[in-house]
Amino acid sequence: MISIQFLTVAVLVTLGLSTLIFKRNLIKIVMAIDVIGSGVNLFLISLGYREGGIAPVFTGATSMKMVLPTPQALTLTSIVIDVAVTALMLGFAMSIYRHYGTLDVRKRRLLG
Amino acid sequence: MKGKVVKTLTLMAFLILLLIAMGSLHPAGKPVNTEMDDYFIRNGQVQTGSNNIVSSVVFDYRGFDTLGEATVLFGAALGVFVLFGRNAR
Amino acid sequence: MKGKTEGMSVIVKTVACILTVPAYIFGLYIVIRGHLTPGGGFAGGAILATLIAMLLVSFGRNLERGFRKESLSVLEILGMSLFITLAFFGLSFTFFHNILANSGGLFGMSVEFGPNSGYLNTGGLIPVMNIAVGIEVFSALSMIILLMLTGMKEEKK
Chain A
1 MISIQFLTVA VLVTLGLSTL IFKRNLIKIV MAIDVIGSGV NLFLISLGYR EGGIAPVFTG
61 ATSMKMVLPT PQALTLTSIV IDVAVTALML GFAMSIYRHY GTLDVRKRRL LG
Chain B
1001 MKGKVVKTLT LMAFLILLLI AMGSLHPAGK PVNTEMDDYF IRNGQVQTGS NNIVSSVVFD
1061 YRGFDTLGEA TVLFGAALGV FVLFGRNAR
Chain C
2001 MKGKTEGMSV IVKTVACILT VPAYIFGLYI VIRGHLTPGG GFAGGAILAT LIAMLLVSFG
2061 RNLERGFRKE SLSVLEILGM SLFITLAFFG LSFTFFHNIL ANSGGLFGMS VEFGPNSGYL
2121 NTGGLIPVMN IAVGIEVFSA LSMIILLMLT GMKEEKK
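Taken in sequence, the protein lines are chains A, B and C.
When the first sequence is numbered by the working numbering, its final residue is 112 and no position is left out of the sequence of numbers.
When the second sequence is numbered by the working numbering, its final residue is 1089 and no position is left out of the sequence of numbers.
When the third sequence is numbered by the working numbering, its final residue is 2157 and no position is left out of the sequence of numbers.
Mixed in with the good hints, there may be bad ones.
These stretches of chain B come out as covered by chain A in the derived footprint (C-beta under 8 Å, 3 or more residues) [said to hold, decoys possible]: (1) 1017-1027; (2) 1067-1075.
Ranges between beta-carbon positions, derived for each pair [said to hold, decoys possible]: (3) A/I21 to C/N2116: 28 to 34 Å; (4) C/R2061 to A/R50: 47 to 53 Å; (5) C/V2015 to A/I21: 43 to 49 Å; (6) A/I54 to B/P1027: 18 to 24 Å; (7) B/M1001 to C/S2071: 55 to 61 Å; (8) A/R24 to C/T2094: 18 to 24 Å; (9) C/V2015 to A/I54: 19 to 25 Å; (10) B/L1009 to A/R24: 17 to 23 Å.
Derived by calculation from the structure, the hints in this document are not laboratory data.
All of these numbers come straight from a predicted model, not from anything done at the bench.
Using N, Cα and C, we set each Cβ at its ideal position, and we do this for glycine too.
Please take these sequences and the hints and turn them into a complete structure.
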């Protein structure tokens, strides 16, 4: 059977994608993109897991069996980039509300 | 009404495709191909002098990715300044 | 409608003022011990930026005149330039070479293999890079928060 971490990743990505397709408020679409990013981060960390391993830090370590350190470094970069993209998307949403008065993505306003 | 049915069927197909892809990986807990990370764990503390191996990977062995990440954060602050800086006197 | 933009009650303002200094010391502790414990520059910078948000929520919109955006811009440029300059020091070997490790200089004590309680004097260029990244992340996130809060015009009822 599939492990519990990978099953959670599949459920998270599908839920985020379904919210992205079916909702019409712009803030909810931005939140769905953030949920998809969190699912991808969980997938990266659970690829480098060893059973019974501790964090790869030597200060006060109790055993010598450690998890892999490289996916954790890549996840750190991914989290910071996710924060930056979300901040810029929310700034664009505020500008759209200031100009058009509505946050609905299905109203035809840009074509005249 | 017809659009909603098509979208729901596409999402179900996507979920089944994801589950098949997750089933073809190794079980979580027994990674394959760990030669590079074993080298980092064995030699990281003596070569760089820091107890935290994740820190030495982020700043010493793979410092170029950290430079790109700092640039992305800088660019995001610059973009928000362009959008909102005009009537903030 | 007095009291709408004045902030929260007196108890919240007093507790926020008292808690600011220990919380800043805690954030700096996480930044400087990035080579011994989990944490480092990015997590410490995020903690320091959250304290600015706490002060803004407690004291209302009138506090943003106390911050100058030119100083935050200069701090951000300073952090980024320090990070790039530190990368060019070891250019005779590679681009990001750690020249202070195991050398006996500023941060250059040697450590042997195995678990030990952490010594602050080790690490080479890694603690200096942590400080540079912490300054840059703090300035960038604080500037984003301040600009988004006060960039919109006041709505006229």
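Exercise. Checking against the hints above, which ones are violated?
Worked result: The structure conflicts with hints 3, 8, 9, although it agrees with all the remaining ones.
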